[in-house]
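S.K.: Chains A and B are the protein sequences, given in the same order.
Each residue of the first sequence is one higher than the one before, counting from 1 in our numbering.
Each residue of the second sequence is one higher than the one before, counting from 1 in our numbering.
Keep in mind that the hints were calculated from the coordinates and are not lab data.
Nothing here was measured: the structure is a model prediction, and the numbers come from that model.
Glycine included, C-beta positions come from ideal geometry on N, C-alpha and C.
Treat each hint with caution, since some may be false.
[What the hints assert, rightly or not] A few chain A residues that face chain B, going by a derived Cβ cut-off under 10 Å, partial list only: (1) Tyr10; (2) Asp18; (3) Ala45; (4) Ser60; (5) Leu81; (6) Ser91; (7) Leu95; (8) Thr100; (9) Trp166; (10) Ser229; (11) Met231; (12) Asp234; (13) Phe257; (14) His266; (15) Asp375; (16) Glu377.
[Stated by the list, open to error] A few chain B residues that don't get close to chain A, going by computed Cβ distances all over 10 Å: (17) Cys55; (18) Lys217; (19) Val330.
Number of protein chains: 2
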Amino acid sequence: MKIESIDFFYLSMPEVLDIGDGSQDATLVRVRAGGLEGWGECEAAPLPTITAYVCPMSHSACKPVKASVEGMNINTPEDILKISRKVHENSFDLLQADHTLSGIDIALWDILGKYLNEPVYKLLGYKKSYPKIPYASQLFGDTPEQTYRKAVQSREAGHRAVKFGWGPIGRGTPAEDEAHFRAAREGLGNDHYLMIDIGTVWAEDVETATLRLKSLKAVNAYWLEEPFSNMALDAYSALAKAEPVIPLAAGEGCNNFVQAAAMINHAGLQFVQIDTGRIGGITTAKRVADLAAKKGITYVNHTFTSHLALSASLQPFTGLKDDMICEYPVEPKQLALDITSNHISLNDNGEVAVPEKPGLGIEVNVEALNQYLVDTEIFIKGQRIYSTPDL
Amino acid sequence: MKIESIDFFYLSMPEVLDIGDGSQDATLVRVRAGGLEGWGECEAAPLPTITAYVCPMSHSACKPVKASVEGMNINTPEDILKISRKVHENSFDLLQADHTLSGIDIALWDILGKYLNEPVYKLLGYKKSYPKIPYASQLFGDTPEQTYRKAVQSREAGHRAVKFGWGPIGRGTPAEDEAHFRAAREGLGNDHYLMIDIGTVWAEDVETATLRLKSLKAVNAYWLEEPFSNMALDAYSALAKAEPVIPLAAGEGCNNFVQAAAMINHAGLQFVQIDTGRIGGITTAKRVADLAAKKGITYVNHTFTSHLALSASLQPFTGLKDDMICEYPVEPKQLALDITSNHISLNDNGEVAVPEKPGLGIEVNVEALNQYLVDTEIFIKGQRIYSTPDL
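The shape of chain A in the complex, shown without the other chains:
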């Protein structure tokens, strides 16, 4: 099949709030080839991501992403790998390019799976898919009382693993953070996994992080996520060795393979968290999953948006039996739910599995998208180089 068209759509909730909720807008990608359609999602700021596809060339290593994709053939997984390599070679000085590539790569795997009548994970070389225990991802409450109530609700909703993150955490005193950690544990009870996400607030400050280890140990935190900026290797590895030892998780900010490899090899992580919509798509995510498995580090998806993104995030590691946990967005905005007609529901064991259908196994709900479409136009020298395509 020859790629006939690649279209980017900027979608948004009517109002975007200043909170740590990445499901308030979306960058969707549609690929058409051979009479088929594939869909992907970039977990990225829509407008810069779109411009990285359509902008004029700056020089030989700073080309728009479209220069490496338009008109390419796609019949085998190797063809997708070729496109991924070509984008890196042609656009490595265009910083945003990896986020743009991510949605395209996902859409290419989706369409190839439909063409070859196989789920994506089989095309990646896995024989079998293993269901994962979903952890419910949500924001801390503004007060420990709110955090407690959210934890009780999560327990009552049947979640076996819950992650609290962002909000006020890490910005006040150790005692204030401890009150939130305790509230979360008390609300959940002792038989649930509890993960804590700092959202990089401590930047590179190992001392501030170390002051929280005792209270994290006291609530039996399953992991401590992103205490530091992505790629702050030495801060991570210092904290990994500090007592009491709390397993560290990070990696969602990586936008290519070598960054994820650096985190795996030099940060002392026990969990590497990859967002397929940022790292360059399924192709790159699978490479990271292979490396993590080789190094004995658990791979976990990072997903906070739609079930299209969720399926794309699960495919790269669904064949790894020992990597049992997956992120599962529990309080996404309506937009993220409306993007797809079908959803990945929990099975009778409360687990999550990728659809056993061709491609990503997810139908995009084209009609529902219209209400969220953000009409966008870009002109260079009076020429329109982008306008929102028809759905």
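Fit chain B to the known structure of chain A by using the hints.
M.R.: Leaving out everything else, chain B in the frame of chain A:
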């Protein structure tokens, strides 16, 4: 002073060629405050860089850069540091943001220097500026004969250090590369520094790189630059240990401090090369220079564009006496020359020094820019969120 306006300008040569020459377009930034003007330059794709300044917010950590800059006060170096931190906190999920911040940060140092009547390097804490030996940066010829002629011309032009890069190198056989290396050395003679730049062509392929070490040693290469992708730490450190040992140089692709720190601490480099127009500006570049000095690694600027960018690139390490080499663009496009009214010329010793004038000491040639201005407009929901400002 309160920041009154920040304006982005997209400039370009009439024709942009598919060659490794980053001086074919430019992203200029103008800051106005307290009746003064400061100028900066992002070494980055103009359109994505501008959109990262003006795009709508996606969530609390994916805000446009303007959210952290507009209306801020700037009276001391600490104020610039505060803005830099704020951008990282508010925009760490917006990949392009670091490239956007770079030009703003440079313009802020320029205007602060004018306000305090000091060259930027003094505001950075250096008492004295040390002139550097410039190396002439140019592309390999298409054939060894062309490379030889370019080398002879460089010697005749009086350059004491010359770097050849990109073009055909690394894409053919080791013997083909060796012919270019030898041609460069023969053209230069034995008393000149010769650097070789691979432009990341070997990605992560240590074996291919190792096959060239003997011929690099034979021509007494001063360094081997960017054999691999930026952040490919393990490929770099493996090559650094391979025999015969050739000093490695890299880092121009780093877009924040922690990436540069990772390269310094884990890649086995002897030279770290920082582009002030990419890494987040002068603020971040100075942090890298401090770390490099502490670790005994030589800091070198990466500059391929205007003399505004050159002054901004020199300031962070001009006070380091032992770091004697600097990159100096010798075949920039006319645009890069026309951006400024004054230029940083070689002194009688053939050395390069930052201007001993307030700020960056470089005057932008506003009238000359008009002919290069790329008229740009961006509309979201029918509202114009960006149009090329008046010069």
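S.K.: Run every hint past the structure and note whether it holds.
M.R.: Checked hints:
With 10 Å as the threshold, the beta carbon of A:Tyr10 comes within range of chain B, its nearest partner Cβ sitting at about 8 Å, so the hint holds. With 10 Å as the threshold, the beta carbon of A:Asp18 comes within range of chain B, its nearest partner Cβ sitting at about 5 Å, so the hint holds. Below 10 Å, beta-carbon pairs count as interface contacts, and A:Ala45 has one with chain B at about 5 Å; its hint therefore holds. Interface restraint check for A:Ser60: the shortest CB-CB distance to chain B comes to about 5 Å, inside 10 Å, so the restraint holds.
Taking 10 Å as the C-beta cut-off, the interface hint given for A:Leu81 is violated, the closest approach to chain B being about 13 Å. The beta carbon of A:Ser91 is positioned within 10 Å of a beta carbon in chain B (closest approach about 9 Å), and the interface hint is therefore held. A cut of 10 Å between beta carbons decides the hint on A:Leu95: the least distance to chain B is about 5 Å, and the hint holds. Evaluation of the A:Thr100 hint against chain B yields a held restraint, the C-beta minimum of about 9 Å falling below 10 Å.
Interface hint at A:Trp166: satisfied, since its Cβ lies 8 Å from the closest Cβ of chain B, which is below the 10 Å cut-off. The interface hint given for A:Ser229 holds, since its Cβ lies 5 Å from the closest Cβ of chain B, which is under the 10 Å cut-off. The beta carbon of A:Met231 comes within 4 Å of a beta carbon in chain B, closer than 10 Å, and the hint placing it at the interface holds. The restraint placing A:Asp234 at the interface with chain B holds, with a minimum CB-CB distance near 6 Å, inside the 10 Å limit.
For A:Phe257, the interface hint holds, the least distance from its beta-carbon to any beta-carbon of chain B being 8 Å, beneath 10 Å. Because the beta carbon of A:His266 sits about 6 Å from the nearest beta carbon in chain B, less than 10 Å, this interface hint is met. Taking 10 Å as the C-beta contact cut-off toward chain B, the hint placing A:Asp375 at the interface holds, the least distance being around 5 Å. The criterion of a C-beta within 10 Å of any C-beta in chain B is met by A:Glu377, whose closest approach is roughly 4 Å, and the hint holds.
For B:Cys55, the requirement that its beta carbon stay farther than 10 Å from each beta carbon of chain A is not met, with the minimum near 4 Å. In this structure B:Lys217 is separated from chain A by more than 10 Å, as the shortest Cβ-Cβ distance comes to about 26 Å. With a least beta-carbon separation of about 17 Å from chain A, B:Val330 lies farther than 10 Å from that chain, consistent with its non-interface assignment.
Of the numbered hints given earlier, the model fails hints 5, 17; all others are met.
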